[in-house]
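2 protein chains.
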Amino acid sequence: MSFREVEKESFYRLLEARRDVRSGFLDKEIPEKILKRILSAAHHAPSVGFLQPWDFLIIRSDEIKQKIKSNFLAVKEREAQFFTGEMKKLYEQLKLEGILEAPINLCVTCDLKRDESNQLGRSEQNQMDVYSTVCAIQNMWLAARVEGIGMGWVSILEESHIREVLKLPESRKLIGYFCLGYVDEFKNQPELESKGWNKRLDLDDIIRYDTW
Amino acid sequence: MSFREVEKESFYRLLEARRDVRSGFLDKEIPEKILKRILSAAHHAPSVGFLQPWDFLIIRSDEIKQKIKSNFLAVKEREAQFFTGEMKKLYEQLKLEGILEAPINLCVTCDLKRDESNQLGRSEQNQMDVYSTVCAIQNMWLAARVEGIGMGWVSILEESHIREVLKLPESRKLIGYFCLGYVDEFKNQPELESKGWNKRLDLDDIIRYDTW
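First to last, the protein sequences are chains A and B. One rule links them: number in the working numbering = place in the first sequence (from 1) + 1. One rule links them: number in the working numbering = place in the second sequence (from 1) + 1.
Calculated directly from the structure, the hints in this document are not laboratory data. Hints are not guaranteed to be accurate.
All copies of an identical chain are treated as equivalent in the list; a pair is satisfied when it fits inside any one copy or across any two copies.
[Stated by the list, open to error] Taking lysine-lysine pairs in the BS3-like style, the calculated list, with each CA pair at most 30 Å apart, reads:
#1 K37 with K200
#2 K68 with K9
#3 K89 with K114
#4 K96 with K114
#5 K34 with K90
#6 K188 with K37
#7 K174 with K114
#8 K37 with K9
#9 K68 with K188
#10 K174 with K77
#11 K37 with K196
#12 K200 with K174
Remember, it's a predicted structure, so these values are computed and weren't measured experimentally.
Work out the full structure: start from the sequences and follow the hints.
Quick look at the structure:
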């Protein structure tokens with residue numbers, strides 16, 4: 002099965018239109034069918050040994066969101082100390098999560114014990130199950146975008162706090178915590194680019210040939 | 002910018018048509034323009050703090066491929082010891098890399114020192130730069146598929162050996178080693194599924210709500 006020119010263009014357009022979304026969430030539920038479609042996109046990611054090591058925890062409870070949000074605020078305050086001057090001012094103005102506004106929060110974990118005897122492809126590189134789970138996250142991110150749903154990765158959180166609040170079992174490694182919801186617009190550029198936090202690198206500067 | 006029904010369908014078809022490709026590579030060069038397009042897809046992945054921590058090392062040298070292949074053979078022999086009986090027989094029959102046949106090998110690394118003062122989103126979860134790099138890999142995998150190019154992740158390799166052969170600097174963490182090339186067909190199912198190595202999990206079994 003091959004893809005036509007117009008399909009290729011649409012796919013590349015999607016890649017460039019995907020954003021990390023932390024604001025502008027609408028008060029509109031994500032229908033169960035659409036949510037499943039996005040999770041199914043994740044579930045079709047590649048996985049080492051066909052392990053499919055991921056689990057998805059969907060959070061709608063306001064009480065839980067509140068607990069996560071408090072942790073975010075504490076960690077953000079600590080993180081702000083890494084910056085000074087103009088960067089600190091900019092950091093403090095940035096909206097870095099949409100925990101309470103997004104109708105859905107999602108925690109993605111990797112099951113370190115899944116199919117444990119199946120060491121294919123990971124006896125030497127044992128983090129491959131974690132990497133598979135991140136591939137699933139990227140699939141989901143793109144699927145959310147194609148559905149008009151914004152998704153943001155909230156990494157300004159303490160793992161131990163999330164584990165406790167969500168009661169994650171020991172076998173599950175936290176990979177990411179996300180906010181998901183419909184938005185009225187997707188920005189043309191990453192916000193960290195348009196607000197001057199960082200510049201897009203020139204691709205040619207990060208390509209090398211044969212050996213370093 | 003929104004996506005039409007037909008574009009969504011095309012995208013979901015792409016996700017399901019992507020394979021980990023280890024065989025069937027054609028003796029046909031990947032034009033520079035197409036290769037850049039695939040790497041540009043990777044370069045449009047999300048990254049923590051807009052770090053873009055990835056580097057791409059394109060390998061065409063047969064001498065280097067040979068060295069990597071020998072390491073693969075040694076590690077595969079060790080890995081085979083994890084299996085017994087029917088699984089061992091199956092493991093030994095599986096083709097798990099296309100290092101020599103694929104016109105291009107690619108090593109993707111994460112620069113642990115890039116923009117070091119920019120700790121946004123990773124002061125607490127410091128592996129976020131690595132996860133960003135894996136998101137880039139998944140973008141690339143999908144872009145390769147849309148271009149009719151097979152891509153396979155070779156993780157049956159020793160990191161220290163790859164570092165040495167490719168002369169990776171200390172600042173660069175190895176994330177993945179890949180084979181890329183045009184193929185005559187993409188299989189309908191993951192090979193590990195069709196050959197009975199593992200089964201696809203039921204999505205509903207790996208979704209939970211609010212707390213574990």
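Within a copy, between copies, both or neither: where do K37 and K9 come within 30 Å Cα-Cα? both (25 Å within a copy, 15 Å between copies)
With identical chains, the pair K68 and K9 could be close in the same copy or across copies; at 30 Å between alpha carbons, which is it: within, between, both, or neither? neither (42 Å within a copy, 35 Å between copies)
Measure nothing new, just compare the shortest in-copy and cross-copy C-alpha distances for K37 and K200 to 30 Å and report within, between, both or neither. Between copies, since 20 Å is at most 30 Å while 35 Å is not.
Since the copies are identical, ignore which copy is meant and state whether K174 and K114 lie within 30 Å (CA to CA) inside a copy, between copies, both or neither. Result: close both inside a copy and across copies, 10 Å intra and 25 Å inter.
Is it within, between, both, or neither for K89 and K114, if the alpha carbons may be no more than 30 Å apart? For K89 and K114, the Cα distance is within 30 Å only across copies (20 Å; inside one copy 41 Å).
One pair to classify: K188 and K37, alpha carbons no more than 30 Å apart. Within, between, both, or neither? both (25 Å within a copy, 25 Å between copies)
For K34 and K90, with the copy left unspecified, which applies at a CA distance of at most 30 Å: within, between, both, or neither? This pair counts as neither: shortest intra-copy Cα distance 42 Å, inter-copy 41 Å.
Are the CA atoms of K200 and K174 at most 30 Å apart within a copy, between copies, both, or neither? between (32 Å within a copy, 22 Å between copies)
Could you figure out if K96 and K114 sit no more than 30 Å apart (CA to CA) within one copy, between two copies, both or neither? Result: close only across copies, 25 Å inter versus 36 Å intra.
Using 30 Å as the alpha-carbon threshold, which applies to K37 and K196: within, between, both, or neither? between (34 Å within a copy, 27 Å between copies)
Should K68 paired with K188 be assigned to within, between, both, or neither, using CA atoms and 30 Å as the limit? The answer is within: 29 Å in one copy meets 30 Å, while 46 Å across copies does not.
Taking 30 Å as the upper bound on the Cα-Cα distance, should K174 and K77 be classified as within, between, both, or neither? For K174 and K77, the Cα distance is within 30 Å both inside one copy (22 Å) and across copies (27 Å).
Hints 2, 5 from the earlier list are contradicted by this structure; the remaining hints agree with it.
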